[in-house]
Amino acid sequence: MSKLQSLKKAVETIADQSTLALGGNVLHRAPMAFVRELARQEKSGLKLVKTAGAHDIDLLCAAGSVATVDAGFVSYETVYGLPPHYRKAVQTGMVKANEHACYTVISALRGASANVPFMPVSGLKYGDLIEHNDYFVVVEDPFTGEPVTLVRSIFPDVAVIHVQQCDEEGNAIIAGPKFEDVLMSRAADRVIITTEQIVSPFQIKQNKDKIDIPAFLVDAVVHVPGGAAPTSCYQKYDVDEQPLRKFLGLKEKQEVAEFIKNYERKDYQQERGTRVW
Amino acid sequence: MSKLQSLKKAVETIADQSTLALGGNVLHRAPMAFVRELARQEKSGLKLVKTAGAHDIDLLCAAGSVATVDAGFVSYETVYGLPPHYRKAVQTGMVKANEHACYTVISALRGASANVPFMPVSGLKYGDLIEHNDYFVVVEDPFTGEPVTLVRSIFPDVAVIHVQQCDEEGNAIIAGPKFEDVLMSRAADRVIITTEQIVSPFQIKQNKDKIDIPAFLVDAVVHVPGGAAPTSCYQKYDVDEQPLRKFLGLKEKQEVAEFIKNYERKDYQQERGTRVW
Amino acid sequence: MVNYRISDLMTCAIADMLEDGETVFHGVSSQMPMVAMHLARKLHAPNLVHLNIPGGVNPGTVKQSSYSSAGADLVEAGESYFPLDQIFDLSMRGKLDVAFLGGVQFDVNGNVNASVIGDYHKPKVRLPGGAGSAVLIPTAKKAIIWRTKHDPRTFVEKVNFVTTRGNLWKIITPLCVFVFKNGKLQLDSIHPHTTLEEVQAQTGFKLIYDEIRYTKEPTARQLQTLRQIDPYDYRSTEF
Amino acid sequence: MVNYRISDLMTCAIADMLEDGETVFHGVSSQMPMVAMHLARKLHAPNLVHLNIPGGVNPGTVKQSSYSSAGADLVEAGESYFPLDQIFDLSMRGKLDVAFLGGVQFDVNGNVNASVIGDYHKPKVRLPGGAGSAVLIPTAKKAIIWRTKHDPRTFVEKVNFVTTRGNLWKIITPLCVFVFKNGKLQLDSIHPHTTLEEVQAQTGFKLIYDEIRYTKEPTARQLQTLRQIDPYDYRSTEF
Numbered sequence: 001m002s003k004l005q006s007l008k009k010a011v012e013t014i015a016d017q018s019t020l021a022l023g024g025n026v027l028h029r030a031p032m033a034f035v036r037e038l039a040r041q042e043k044s045g046l047k048l049v050k051t052a053g054a055h056d057i058d059l060l061c062a063a064g065s066v067a068t069v070d071a072g073f074v075s076y077e078t079v080y081g082l083p084p085h086y087r088k089a090v091q092t093g094m095v096k097a098n099e100h101a102c103y104t105v106i107s108a109l110r111g112a113s114a115n116v117p118f119m120p121v122s123g124l125k126y127g128d129l130i131e132h133n134d135y136f137v138v139v140e141d142p143f144t145g146e147p148v149t150l151v152r153s154i155f156p157d158v159a160v161i162h163v164q165q166c167d168e169e170g171n172a173i174i175a176g177p178k179f180e181d182v183l184m185s186r187a188a189d190r191v192i193i194t195t196e197q198i199v200s201p202f203q204i205k206q207n208k209d210k211i212d213i214p215a216f217l218v219d220a221v222v223h224v225p226g227g228a229a230p231t232s233c234y235q236k237y238d239v240d241e242q243p244l245r246k247f248l249g250l251k252e253k254q255e256v257a258e259f260i261k262n263y264e265r266k267d268y269q270q271e272r273g274t275r276v277w
Numbered sequence: 001m002s003k004l005q006s007l008k009k010a011v012e013t014i015a016d017q018s019t020l021a022l023g024g025n026v027l028h029r030a031p032m033a034f035v036r037e038l039a040r041q042e043k044s045g046l047k048l049v050k051t052a053g054a055h056d057i058d059l060l061c062a063a064g065s066v067a068t069v070d071a072g073f074v075s076y077e078t079v080y081g082l083p084p085h086y087r088k089a090v091q092t093g094m095v096k097a098n099e100h101a102c103y104t105v106i107s108a109l110r111g112a113s114a115n116v117p118f119m120p121v122s123g124l125k126y127g128d129l130i131e132h133n134d135y136f137v138v139v140e141d142p143f144t145g146e147p148v149t150l151v152r153s154i155f156p157d158v159a160v161i162h163v164q165q166c167d168e169e170g171n172a173i174i175a176g177p178k179f180e181d182v183l184m185s186r187a188a189d190r191v192i193i194t195t196e197q198i199v200s201p202f203q204i205k206q207n208k209d210k211i212d213i214p215a216f217l218v219d220a221v222v223h224v225p226g227g228a229a230p231t232s233c234y235q236k237y238d239v240d241e242q243p244l245r246k247f248l249g250l251k252e253k254q255e256v257a258e259f260i261k262n263y264e265r266k267d268y269q270q271e272r273g274t275r276v277w
Numbered sequence: 001m002v003n004y005r006i007s008d009l010m011t012c013a014i015a016d017m018l019e020d021g022e023t024v025f026h027g028v029s030s031q032m033p034m035v036a037m038h039l040a041r042k043l044h045a046p047n048l049v050h051l052n053i054p055g056g057v058n059p060g061t062v063k064q065s066s067y068s069s070a071g072a073d074l075v076e077a078g079e080s081y082f083p084l085d086q087i088f089d090l091s092m093r094g095k096l097d098v099a100f101l102g103g104v105q106f107d108v109n110g111n112v113n114a115s116v117i118g119d120y121h122k123p124k125v126r127l128p129g130g131a132g133s134a135v136l137i138p139t140a141k142k143a144i145i146w147r148t149k150h151d152p153r154t155f156v157e158k159v160n161f162v163t164t165r166g167n168l169w170k171i172i173t174p175l176c177v178f179v180f181k182n183g184k185l186q187l188d189s190i191h192p193h194t195t196l197e198e199v200q201a202q203t204g205f206k207l208i209y210d211e212i213r214y215t216k217e218p219t220a221r222q223l224q225t226l227r228q229i230d231p232y233d234y235r236s237t238e239f
Numbered sequence: 001m002v003n004y005r006i007s008d009l010m011t012c013a014i015a016d017m018l019e020d021g022e023t024v025f026h027g028v029s030s031q032m033p034m035v036a037m038h039l040a041r042k043l044h045a046p047n048l049v050h051l052n053i054p055g056g057v058n059p060g061t062v063k064q065s066s067y068s069s070a071g072a073d074l075v076e077a078g079e080s081y082f083p084l085d086q087i088f089d090l091s092m093r094g095k096l097d098v099a100f101l102g103g104v105q106f107d108v109n110g111n112v113n114a115s116v117i118g119d120y121h122k123p124k125v126r127l128p129g130g131a132g133s134a135v136l137i138p139t140a141k142k143a144i145i146w147r148t149k150h151d152p153r154t155f156v157e158k159v160n161f162v163t164t165r166g167n168l169w170k171i172i173t174p175l176c177v178f179v180f181k182n183g184k185l186q187l188d189s190i191h192p193h194t195t196l197e198e199v200q201a202q203t204g205f206k207l208i209y210d211e212i213r214y215t216k217e218p219t220a221r222q223l224q225t226l227r228q229i230d231p232y233d234y235r236s237t238e239f
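Residue numbers (my numbering), protein chains in the order written: chain A, 1 to 277; chain B, 1 to 277; chain C, 1 to 239; chain D, 1 to 239.
To be clear, the hints were calculated from the coordinates, so they are not data collected in a lab. Errors might be hidden in some of the hints.
Stated by the list, open to error - Dumping the calculated EDC-like pairs for lysine to aspartate or glutamate here, alpha-carbon to alpha-carbon at most 16 Å: (1) B:210 / D:76; (2) B:236 / C:76; (3) A:205 / C:76; (4) A:208 / C:76; (5) A:210 / B:209; (6) C:95 / A:157; (7) B:88 / C:119; (8) A:9 / A:42; (9) A:208 / B:209.
All chains should be modelled from the sequences, with the hints used to inform the complete structure.
Encoded structure:
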């Protein structure tokens with residue numbers, strides 16, 4: 001059963017105020033084409049979840065689409081520096097930053113994948129994060145009486161994951177580091193795959209040991225070559241430095257809109273429904 | 001750094017009263033050579049942990065080595081029937097059966113792998129298992145006020161896992177189903193690998209994407225071809241029906257000892273320290 | 001009229017309980033449901049998702065599962081890998097449609113005993129244990145139990161020990177199909193070769209039913225497909 | 001006398017903190033510790049276990065990590081795969097020996113701020129966040145912080161916000177090495193090119209020390225190896 005969908009159609013299924021888990025990590029394999037289309041469709045109130053985000057979170061903050069960000073770290077890496085749009089959005093009160101240890105995002109997603117309301121976290125013992133955030137609470141372990149910190153589970157409505165290879169049914173293969181993507185695919189209510197390449201049933205069969213996300217977990221497959229750019233996509237392309245640097249310097253809403261518009265041709269290249277194997 | 005050890009030496013490191021997580025599932029890839037050597041060395045008071053066990057648990061019960069069994073299911077599969085020695089040991093009070101849902105064993109091991117004292121389990125809602133076992137407790141979710149069942153984490157002292165391929169440093173590859181073995185390797189304090197084959201550094205490098213247990217988690221590597229027999233070992237051998245059926249019919253302690261002794265030549269075939277690549 | 005055995009009838013009746021597109025799980029010692037799931041995929045439910053303990057999603061064949069329904073053959077013949085721990089998680093999330101489970105004793109109130117006869121801590125008989133039942137029967141949308149024994153010690157007024165209860169949907173035996181409805185185990189259909197009197201005689205509680213329906217007999221197409229997909233007759237392992 | 005830059009000195013000093021056989025983790029934006037770990041493995045600590053976010057255990061080279069210390073190159077060059085979530089678990093189990101972490105503000109009591117300047121919920125400056133710090137500093141046996149800025153706004157009497165504290169062991173800066181001992185951040189050594197006065201002038205709390213030690217200079221062998229393993233000078237990325 002083919003689950004192929006156009007980028008536009010797939011993004012249309014995302015309701016405002018949705019909780020979205022975004023795949024990849026910092027400058028790597030972020031589902032940028034999908035993120036840009038979220039901005040184009042002027043989604044609002046999105047709740048973003050990721051251990052360590054960069055351009056994806058920064059762009060959606062710049063577009064005004066975000067209500068909250070649950071993450072352990074939001075920043076471009078050293079050479080690119082800090083995420084100006086995210087910082088501004090948080091500092092002006094537009095966006096609420098729910099700071100986690102990266103691990104507590106993982107724990108909260110593990111909680112969702114097992115459908116439990118919280119997960120215990122042994123490492124979170126000290127500091128103001130526990131005090132200031134209502135998603136952490138310290139309770140008494142009923143077995144030993146010792147204090148234990150719990151993190152409230154985060155239940156993503158949708159996980160959006162960019163991969164190198166996927167068949168039409170949704171069997172998805174991530175080359176290189178998987179980051180939290182596999183976990184996200186198990187934690188989210190729906191899974192949308194954007195993929196560099198649609199591979200044939202024969203090809204996927206030859207590589208079945210490498211399938212990270214089996215088809216039956218996947219709701220939609222979107223064919224977007226270059227869909228992680230300007231972040232990197234292992235075995236396909238490295239970061240695209242020029243647009244990244246450009247984006248960091250943008251100030252006006254209009255400039256951001258133009259930046260996103262400039263990707264339209266690339267992001268929509270498969271929209272004509274051509275079947276590419 | 002080579003971690004190669006003889007079967008005898010590796011088993012000597014197991015203290016009486018240890019908590020042991022045994023790899024494999026029912027009739028498949030149980031670490032039987034190690035289990036037999038535990039019996040030969042007359043270990044006692046062992047606490048066994050496994051989702052679904054069969055010949056391994058049955059044999060250690062027959063040998064009088066077991067104090068408790070934490071499992072969801074203990075039985076040979078249909079054609080072989082029920083585990084006579086385990087049943088007798090439990091029914092006479094020699095062994096305490098801690099019945100779990102298989103999932104709560106998994107949850108309890110996940111708890112150990114994250115070093116938390118318990119794990120919430122959403123599915124365990126009804127029935128007498130909750131009442132009769134002190135490792136389950138129902139508490140109030142501090143976030144929602146709803147009841148939630150917790151299972152106490154199980155911290156294995158040692159995970160014993162039989163694999164098809166391992167290098168001398170402990171990089172281990174499981175062919176076919178992994179069952180709970182990978183989780184056990186993360187939950188236990190120490191990991192002992194028994195392996196069909198010691199592979200060269202070059203071979204392991206060629207197959208590094210398939211490594212399930214990285215060397216730095218492994219404490220000892222024992223070369224035991226046939227080490228899962230008479231249970232099956234995928235790509236190596238299928239169940240050995242004759243000894244299995246014979247074992248099921250044994251009644252006397254002496255018969256059990258003989259049965260175990262009969263495996264000595266096979267179990268010790270690598271003891272002379274021959275380096276086999 | 002077609003010629004079939006009771007194991008054929010049970011297997012086909014189980015297959016008929018499954019709908020296209022459902023996610024369905026079986027465990028160990030479960031050759032009959034395993035074959036039934038495969039039969040359903042071959043006939044009316046090509047998009048059924050077949051899940052199992054070793055983790056082989058939609059195995060293309062079950063012909064190698066001679067003595068075990070938890071073997072590596074299901075992974076080898078599978079189209080992807082999705083192992084037990086994740087199947088449990090899936091069920092917890094409400095995304096497992098059907099789970100096949102066993103048990104030794106069942107009562108009219110839908111309680112299942114797979115644990116002990118006698119005291120839990122000093123049992124007269126230690127049973128194999130409920131395996132996944134205690135978490136799957138409450139969370140799978142529909143739990144189906146198959147049992148090749150039907151006698152008054154199996155179907156009782158009150159089980160010795162409640163291993164679990166929950167979303168029990170149907171129980172199939174060599175004599176009949178029970179359906180769990182309005183908190184009671186009710187007669188859904190009796191098999192063509194038996195009578196209401198026989199079923200009642202073999203059942204330890206008073207049968208509840210409004211009308212007598214007969215279980216659908218296997219079709220010629222089902223039997224023919226069964227012979228192809230299960231040539232070594234694993235479906236009859238428990239007989 | 002050997003010729004070296006401050007980034008060389010810091011990298012070698014970090015490498016010297018690591019012992020053979022230790023399990024050591026670095027995160028994103030961590031080129032300097034990444035190169036230092038690799039240096040240690042090449043020289044005195046061949047059995048050090050190098051762990052990182054993408055999951056490449058003991059990458060054979062770090063030459064491709066141009067702009068990122070969390071890229072696929074570390075997996076490609078790695079000997080096995082052990083990703084972030086499991087590294088955290090490892091630390092929770094007390095089996096991570098050393099974690100390299102960042103931070104923006106540090107105080108004399110060993111508190112780390114990587115979160116905000118100003119009110120947490122309405123911050124004057126939103127910082128990137130502590131990443132793994134809040135769970136790794138309490139659980140890794142030794143947490144090492146490196147920071148390429150050393151000024152009175154970085155080292156303060158009391159941080160604005162306590163992201164975490166715990167098993168902080170050392171902090172290395174372009175001027176000195178602090179050691180956390182008896183609940184206080186104390187001067188461990190000052191770098192050869194600076195003076196106690198300069199370090200004090202750039203530090204927002206009164207320095208605690210018993211004697212003045214100087215940080216060991218890089219050896220010729222270390223510098224030579226550095227040039228081989230880090231020919232593109234990623235160790236200086238933050239300078």
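Would you pick out the hints that fail for this structure and give their numbers low to high? none
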